[in-house]
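S.K.: Each protein sequence line maps, in turn, to chains A and B.
Residues in the first sequence are numbered from 1 upward in steps of one, following my numbering.
Residues in the second sequence are numbered from 1 upward in steps of one, following my numbering.
The hints are simulated quantities; they were obtained by calculation from the structure and are not laboratory data.
Here the structure is a predicted model, which is why all the values come from computation and not from measurement.
All C-beta atoms in this analysis are idealised placements derived from N, C-alpha and C, irrespective of residue type, glycine included.
Don't take every hint at face value.
Unchecked claim - 25 Å max Cα-Cα, derived DMTMM-like pairs, lysine to aspartate or glutamate:
| no. | chain 1 | residue 1 | chain 2 | residue 2 |
| --- | --- | --- | --- | --- |
| 1 | B | K388 | B | D463 |
| 2 | A | K166 | B | D378 |
| 3 | A | K382 | A | E474 |
| 4 | B | K388 | A | E167 |
| 5 | B | K461 | A | E165 |
| 6 | B | K107 | B | E372 |
| 7 | A | K166 | B | D473 |
| 8 | A | K166 | B | E456 |
To be verified - Now the in silico label distances, taken between C-beta atoms and shown as ranges:
| no. | chain 1 | residue 1 | chain 2 | residue 2 | range |
| --- | --- | --- | --- | --- | --- |
| 9 | A | N65 | B | F48 | 30 to 40 Å |
| 10 | A | E165 | B | S51 | 40 to 50 Å |
| 11 | A | R210 | B | S513 | 46 to 56 Å |
| 12 | B | S513 | A | R640 | 50 to 60 Å |
| 13 | A | A632 | B | R158 | 13 to 23 Å |
| 14 | A | T227 | B | S51 | 14 to 24 Å |
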Amino acid sequence: MQEVLFSLTWLIPLFPLLAFFAIILFTGRSRHLSHGVAIGAIALSWALGWAVAFCAFCTPYLEENVIHWAIPWFPTGTTTFPIGIYVDPLTAVALFMVPFVCLMIFVYSVGYMHGDPRYTRFFAYISLFAAGMLGLVVSENLLTLFISWEVMGLCSYLLIGFWYEKESAYRAGLKAFIVTKIGDAFFLLGILYLYSQTGSLSYGVIFSERVLHTLAEHTVTLPLLGTWTVASLIALLIFGGTVGKSAQFPLHVWLPDAMEGPTPVSALIHAATMVSAGIFLLARIFPLLSVVEPGTPTLGVIAFIGAFTAIFASVIAVAQDDIKRVLAFSTISQLGYMVAALGIGGYVAAVFHLITHAFFKALLFLGSGSVIIGCHHEMNMKAMGGLRHKMPITFWTFVTGGLALSGFPLMTSGFWSKDEILAHAWHEFTRQGIVSWPFFVWLMLTLAAGLTAFYTARQICLTFLGQPRSHQAEHAHESPWTMTIPLVMLAFFAIFLGFAGVPEEFPLLGSLFGHNWLHHFAGGELPATPLSWPVMGLSSALALGGLGLGWLVYGRKPLLAGQMDPLERAMRQRGLGWLYQAARRRFYFDELYQVTIVRFVIQLSRMCYHFDKHWVAAPLVNLVGRVTRLAADVSAAFDRVVIDGLVNLSGRAGIALSTLSRWTDDVIVDGVVNGLGRATGALGRALRPIQTGKVQNYLLVAMMTIMALAGLYIFYH
Amino acid sequence: MGTNVLSIITFAPLLGALIILFIPREKENWIRWWAIAISLVPLGLAFFVYSQVRNAPGQMWFQETYEWVPAISVYYRLGVDGISVVMLVLTALLSTLSYFYSAFTIKERVKEYYFLFLLLETGMFGVFVSLDLILFYVFWEIGLVPMYLLIGVWGGERRIYAAIKFFLYTLVGSVALLLAILGVHFQTGTFSILEAGAAHPFADNFSLAALAFWGFFLGFAIKVPSFPFHTWLPDAHTEAPTAGSVVLAGVLLKLGAYGFIRIVLPFFPQVFSFYANNVPIIPILAVISIVYGALVCMAQWDLKRLIAYSSVSHMGYVMLGVSAAAASLTLGDGNGALNTSAIMALNGAALQMFTHGIITGGLFFLVGIIYERAHTRDLRAFGGLASKVPYYYGIMMVTGFASWGLPGLAGFWSEFFVFRGAFRIIPIFTCIGIMGVVLTAAYILWKIVQHMFLGEFSQAKWDEQTHHSSLFDMTWWEKGTMWPLVVIMVLVGLYPSIIVALLNGAMTALLESF
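Required output: the full structure, derived from the provided sequences and hints.
M.R.: Below, the structure is given as structure tokens:
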């Protein structure tokens with residue numbers, strides 16, 4: 001039974017892929033048929049995905065007996081490259097999360113996209129998106145992972161720019177595509193490097209002990225960058241892909257703009273699929289990271305970027321007014337947690353947070369979408385307020401998601417997963433000392449935890465509490481069941497999922513919920529992160545403190561229409577208004593890139609074009625052409641004057657000569673000839689009389705001749 | 001027919017052209033459908049040959065050898081292996097589609113047009129099936145005149161300039177090529193490509209070998225075209241009629257690349273390797289072509305010229321792959337990894353020849369389709385077409401993303417194989433080449449897709465820019481032209497083996513012969 005199920009894993013990404021083709025090619029005209037096909041396909045994927053996942057959960061020692069199945073795909077010299085599936089604990093956990101969240105989002109989209117003119121195309125695109133993510137999850141090798149990765153990139157482009165009549169929308173789509181492409185170029189380089197070093201990209205080969213050992217042994221010296229082990233260089237290059245896809249600093253700029261897409265897309269991108277893919281990749285290559293010795297910069301870079309992104313994005317989130325942009329920066333920040341965790345070796349913690357975050361962030365996005373629809377496409381939180389009673393289901397589910405995001409102690413999944421990351425950092429830093437990456441990570445993430453709670457409280461208060469601050473909020477209404485049911489389902493997981501990873505030592509809960517089940521399943525031989533009371537206490541305090549402070553600032557005395565943000569007012573009073581402004585403007589990174597990189601590339605392309613067309617290449621060719629023509633003209637002139645002259649001269653000479661010869665001809669040659677002729681004629685005429693025809697005359701002549709000859713003979717002798 | 005199938009493929013279009021001479025000028029539809037019909041013969045036979053060669057792509061199939069000019073040991077030698085047959089299929093397919101598309105768009109001098117086009121097809125087939133240098137050269141030249149006339153007679157506004165530029169450029173290359181061929185002949189005593197390759201001409205004299213090498217190089221590099229010999233291309237592609245651009249970009253550029261793989265690499269492995277590795281001129285030219293070509297694309301406003309420059313960029317990948325394979329020849333580290341990389345680089349180069357032909361051919365058709373409506377190719381004149389011509393938008397998206405190299409479509413594989421092979425051998429150039437991928441994404445999505453399709457459609461702007469042309473979605477014959485290409489892009493993208501298996505066999509055999 002299990003065998004059969006596992007052998008069907010390849011169908012999981014295939015269903016939505018076929019749905020995509022079916023909608024594009026056949027059912028595009030019928031709305032009902034199209035969303036039916038899309039939801040049916042993802043539901044099949046979900047059912048099969050959960051079947052496989054639970055089967056995997058029940059398989060003992062899965063990490064040592066990974067399900068692996070492949071067929072040859074194309075030849076590469078003397079070997080062939082395989083395509084296939086790979087089910088290990090990471091795949092299984094992702095298969096639990098991805099298809100379910102996708103299904104929720106698909107159902108939700110039926111309500112959210114209702115009435116859109118390109119409704120069917122939307123379902124086609126999100127089906128392809130889901131196919132990409134599911135393909136990535138079940139991939140057997142890094143190449144099929146990369147292909148799925150890029151297919152998602154395409155879908156994000158199409159979906160962020162879905163309302164392409166809007167300039168901001170299509171620009172955001174382009175930005176997302178190009179920025180992630182920069183990361184992907186590094187990722188591709190990493191793949192190429194790994195492939196050419198090991199001759200394979202299959203996980204079974206590249207993560208085998210022998211290959212990992214070789215990669216860790218070999219070194220390579222780069223100009224300017226010193227000596228690296230091959231493993232650390234490859235890991236860093238592949239991490240470039242994560243930086244782009246998971247919107248880590250400095251390639252984070254695309255993600256906030258990606259809010260231009262329809263809200264289900266935002267949920268899809270920011271929770272279940274696209275950004276998770278970056279973390280999934282990093283978790284996937286964790287064996288490679290674990291052979292990178294701590295001294296090389298790779299792990300430090302990963303830890304630094306993750307931790308810095310976490311704090312950086314949460315600062316920006318505090319100053320955003322757009323309901324979805326707050327969530328966008330919160331996503332960037334939470335992804336930073338996971339990246340930092342992987343950078344300091346917290347594999348299980350990162351995977352745990354990846355899964356819980358997917359659920360509660362999908363919930364928050366879908367909740368914000370419900371708010372946006374309820375408020376007739378108003379997105380500015382300053383224009384909301386008082387929605388609590390108008391949209392009760394949305395309110396309570398959103399609060400659930402918000403509490404999970406801020407890590408509300410004990411009750412929410414976000415608490416357990418975030419705490420595991422912090423505990424891991426704490427544990428590592430107490431082992432390695434204070435001058436170490438884990439300390440930096442712990443410090444930054446702890447500070448970010450406080451900020452997270454604060455901006456979450458701010459968001460909930462501004463959106464739902466107080467009095468409506470605009471006409472739209474006044475007339476808000478609860479969303480239809482297709483939208484609220486997914487919210488409720490996701491809220492359930494946002495609370496209870498965390499119990500899969502409660503530390504074993506935790507009193508009561510630890511033993512109640514399966515002894516840190518997730519660690520035993522996914523962690524394999526990795527030591528479990530020990531429970532750390534100071535960390536848990538501090539993070540609980542920060543979560544509660546942040547929430548409380550947020551409520552004090554925004555909830556106790558709700559904002560009135562047209563009022564300035566209390567935080568901004570407070571900061572201005574202390575001369576820090578510029579900081580608030582800078583955070584609101586995302587620390588000007590977009591502007592910076594615009595005036596540096598973008599402008600540079602465009603100028604360079606213009607210069608190349610001018611080089612080609614106006615300055616060098618074409619003029620050079622034309623010059624050659626002109627020189628050749630000049631040479632031709634000169635030759636022609638030479639021809640005309642000199643050669644023709646000579647020819648003419650010789651011609652004339654010839655003519656003169658021929659004239660002369662003609663005269664000679666006429667006078668002398670002809671004269672002679674004619675003279676001869678005439679002479680002959682005359683002779684003939686003269687002799688004619690003797691031609692009488694009479695024999696006797698001839699005889700007479702003959703006789704006379706003979707006599708004359710005889711006479712001459714006699715005369716001389 | 002088994003033994004003479006290559007001759008039939010090659011000369012069927014010529015026969016068709018001769019018959020066209022006897023069809024009255026007024027019977028334009030007869031001429032059109034006759035040309036399409038006759039072109040189905042080589043198309044069908046090319047697929048037949050493909051199905052046979054699949055069995056053992058490393059061998060020479062369907063060889064024919066007849067005396068031609070015995071006095072100077074010139075033979076009529078034909079034969080195909082894995083790479084030639086892929087090129088045959090490409091040529092036959094693009095020719096048939098060109099005839100089909102032209103049947104609805106060419107209204108002037110139909111008789112001459114099809115006569116020349118069929119003549120051109122014979123020339124192209126001939127190059128890919130020749131195994132004799134003189135025969136190769138003759139076919140090489142046969143293609144030149146019809147293309148010159150196709151640009152010069154049916155072309156755009158600056159057609160005369162473009163045609164002459166094309167002709168002179170290629171002629172310079174041809175002269176170099178002929179001299180090099182003669183040089184090889186005097187050294188080896190044969191014109192047979194296989195025998196001369198096995199003999200390694202001038203193997204003991206580097207300077208002479210280098211001289212002959214550069215002769216071939218010039219001849220082929222102009223055709224490819226590699227930077228800095230590319231400036232004929234934007235003009236020729238832009239001015240040529242739609243089908244002319246398709247065949248020019250789709251097939252004629254491949255003649256040069258094919259020459260590198262079929263002739264230069266086996267003839268001069270040492271010299272080629274020297275200039276790819278010790279003094280890496282050729283990979284440098286390749287990456288300049290890639291990056292520079294892509295940058296120039298970004299600055300274009302003429303859609304057709306943009307796609308023309310994208311050919312410069314994309315053919316750079318071919319040169320990168322070939323030079324990587326060449327460089328591997330003297331790097332030999334004794335283990336098979338390098339050899340595998342070299343094979344993959346060549347697979348990628350040859351696959352890029354095929355996919356670029358399909359994709360860029362498709363792009364030029366698409367340019368023609370919009371030009372028929374708008375009578376302008378200025379990207380600034382468009383905008384918001386996505387909702388007005390959704391079918392066209394969809395096809396353009398698939399083709400454009402294939403051109404960028406979206407995984408899952410054909411273009412990805414060739415780039416991936418080239419990069420994968422070259423990375424092991426010439427890593428620095430490969431890293432630079434990968435930058436081209438980002439730039440390609442930029443010019444396709446930003447320049448083409450964004451300027452043409454996205455945003456709000458404004459009827460007033462359209463009317464002003466196009467002088468009140470009517471805008472309608474793709475017609476049945478335009479769809480009929482594009483669908484075969486789109487299907488191939490998706491098919492090769494999902495299952496590259498249908499082409500790569502043939503190339504892999506041929507390239508393995510080629511590299512084993514050293």
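S.K.: For every hint, state whether the structure bears it out.
M.R.: Going through the hints against the structure:
| no. | hint | in the structure |
| --- | --- | --- |
| 1 | B:K388 with B:D463 | holds (14 Å) |
| 2 | A:K166 with B:D378 | holds (22 Å) |
| 3 | A:K382 with A:E474 | holds (13 Å) |
| 4 | B:K388 with A:E167 | holds (17 Å) |
| 5 | B:K461 with A:E165 | holds (15 Å) |
| 6 | B:K107 with B:E372 | holds (13 Å) |
| 7 | A:K166 with B:D473 | holds (22 Å) |
| 8 | A:K166 with B:E456 | holds (7 Å) |
| 9 | A:N65 with B:F48: 30 to 40 Å | violated (48 Å) |
| 10 | A:E165 with B:S51: 40 to 50 Å | holds (48 Å) |
| 11 | A:R210 with B:S513: 46 to 56 Å | violated (34 Å) |
| 12 | B:S513 with A:R640: 50 to 60 Å | holds (56 Å) |
| 13 | A:A632 with B:R158: 13 to 23 Å | holds (21 Å) |
| 14 | A:T227 with B:S51: 14 to 24 Å | violated (53 Å) |
Of the numbered hints given earlier, the model fails hints 9, 11, 14; all others are met.
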